[in-house]
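Undergrad: Sequence:
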Amino acid sequence: MPTQEIAIALTDVDKRFGGLSAVKNVSMQVRAGERVSMIGTNGAGKSTLFNLIAGVFPVSAGSVSMFGAVVTKQNTAKRARNGLARTFQTSRLFEQLTAE
Numbered sequence: 668m669p670t671q672e673i674a675i676a677l678t679d680v681d682k683r684f685g686g687l688s689a690v691k692n693v694s695m696q697v698r699a700g701e702r703v704s705m706i707g708t709n710g711a712g713k714s715t716l717f718n719l720i721a722g723v724f725p726v727s728a729g730s731v732s733m734f735g736a737v738v739t740k741q742n743t744a745k746r747a748r749n750g751l752a753r754t755f756q757t758s759r760l761f762e763q764l765t766a767e
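If you're matching positions, the sequence shown starts at 668 in our numbering and goes up one per residue.
Any given hint could turn out to be false.
[What the hints assert, rightly or not] Each computed SDA-like pair below joins lysine to any residue, with the alpha-carbon atoms no more than 25 Å apart:
#1 Lys740 x Phe684
#2 Lys713 x Ala674
#3 Lys691 x Ile675
#4 Lys745 x Gly707
#5 Lys713 x Glu701
#6 Lys745 x Phe755
#7 Lys745 x Leu687
#8 Lys713 x Gln696
#9 Lys745 x Thr708
#10 Lys691 x Thr765
#11 Lys713 x Thr743
#12 Lys691 x Gly707
#13 Lys691 x Gln763
#14 Lys713 x Gly729
#15 Lys713 x Phe724
#16 Lys713 x Gln756
#17 Lys745 x Gly700
#18 Lys713 x Arg698
#19 Lys740 x Gly729
#20 Lys713 x Leu687
#21 Lys740 x Gln763
#22 Lys691 x Ala736
#23 Lys740 x Thr765
#24 Lys691 x Ser727
#25 Lys713 x Arg702
#26 Lys691 x Thr743
#27 Lys745 x Gly686
#28 Lys740 x Arg683
#29 Lys691 x Asp681
#30 Lys713 x Thr765
#31 Lys691 x Lys740
#32 Lys691 x Val737
#33 Lys740 x Thr708
#34 Lys745 x Asn709
#35 Lys713 x Val693
#36 Lys713 x Ser688
#37 Lys745 x Gln756
#38 Lys713 x Ala747
#39 Lys713 x Gly750
Quick caveat, the hints were computed from the structure, so don't treat them as lab data.
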């Protein structure tokens, strides 16, 4: 059962790429232990939203918090050290590398 502690919070998050508004005014909270899914058509902004949460893209407006601490300005490495990272659909991120 999820706890009441808010693990991830987005407040009025926007992302613009030039004149294109990819994510507009998104606010949401995910509690520790809670499982959430995101459903939408191609181009709806799902991947962009995950990239904003993980710090891959900087937000254009709004804030991202993790366990009450604002992480909006933190880079991906800092967020990953604090336990927040994203994975990708493909299993080979670096196709030129092999395991030995």
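Undergrad: Does each hint hold? Answer for all of them.
TA: Going down the list of hints, with the structure as the test:
| no. | hint | verdict |
| --- | --- | --- |
| 1 | Lys740 x Phe684 | 18 Å, holds |
| 2 | Lys713 x Ala674 | 19 Å, holds |
| 3 | Lys691 x Ile675 | 18 Å, holds |
| 4 | Lys745 x Gly707 | 29 Å, violated |
| 5 | Lys713 x Glu701 | 18 Å, holds |
| 6 | Lys745 x Phe755 | 19 Å, holds |
| 7 | Lys745 x Leu687 | 28 Å, violated |
| 8 | Lys713 x Gln696 | 15 Å, holds |
| 9 | Lys745 x Thr708 | 31 Å, violated |
| 10 | Lys691 x Thr765 | 40 Å, violated |
| 11 | Lys713 x Thr743 | 18 Å, holds |
| 12 | Lys691 x Gly707 | 15 Å, holds |
| 13 | Lys691 x Gln763 | 37 Å, violated |
| 14 | Lys713 x Gly729 | 17 Å, holds |
| 15 | Lys713 x Phe724 | 13 Å, holds |
| 16 | Lys713 x Gln756 | 13 Å, holds |
| 17 | Lys745 x Gly700 | 22 Å, holds |
| 18 | Lys713 x Arg698 | 19 Å, holds |
| 19 | Lys740 x Gly729 | 11 Å, holds |
| 20 | Lys713 x Leu687 | 15 Å, holds |
| 21 | Lys740 x Gln763 | 32 Å, violated |
| 22 | Lys691 x Ala736 | 22 Å, holds |
| 23 | Lys740 x Thr765 | 34 Å, violated |
| 24 | Lys691 x Ser727 | 10 Å, holds |
| 25 | Lys713 x Arg702 | 16 Å, holds |
| 26 | Lys691 x Thr743 | 22 Å, holds |
| 27 | Lys745 x Gly686 | 29 Å, violated |
| 28 | Lys740 x Arg683 | 16 Å, holds |
| 29 | Lys691 x Asp681 | 5 Å, holds |
| 30 | Lys713 x Thr765 | 30 Å, violated |
| 31 | Lys691 x Lys740 | 18 Å, holds |
| 32 | Lys691 x Val737 | 19 Å, holds |
| 33 | Lys740 x Thr708 | 29 Å, violated |
| 34 | Lys745 x Asn709 | 30 Å, violated |
| 35 | Lys713 x Val693 | 11 Å, holds |
| 36 | Lys713 x Ser688 | 13 Å, holds |
| 37 | Lys745 x Gln756 | 22 Å, holds |
| 38 | Lys713 x Ala747 | 20 Å, holds |
| 39 | Lys713 x Gly750 | 20 Å, holds |
In this structure, the hints that do not hold are numbers 4, 7, 9, 10, 13, 21, 23, 27, 30, 33, 34, in rising order.
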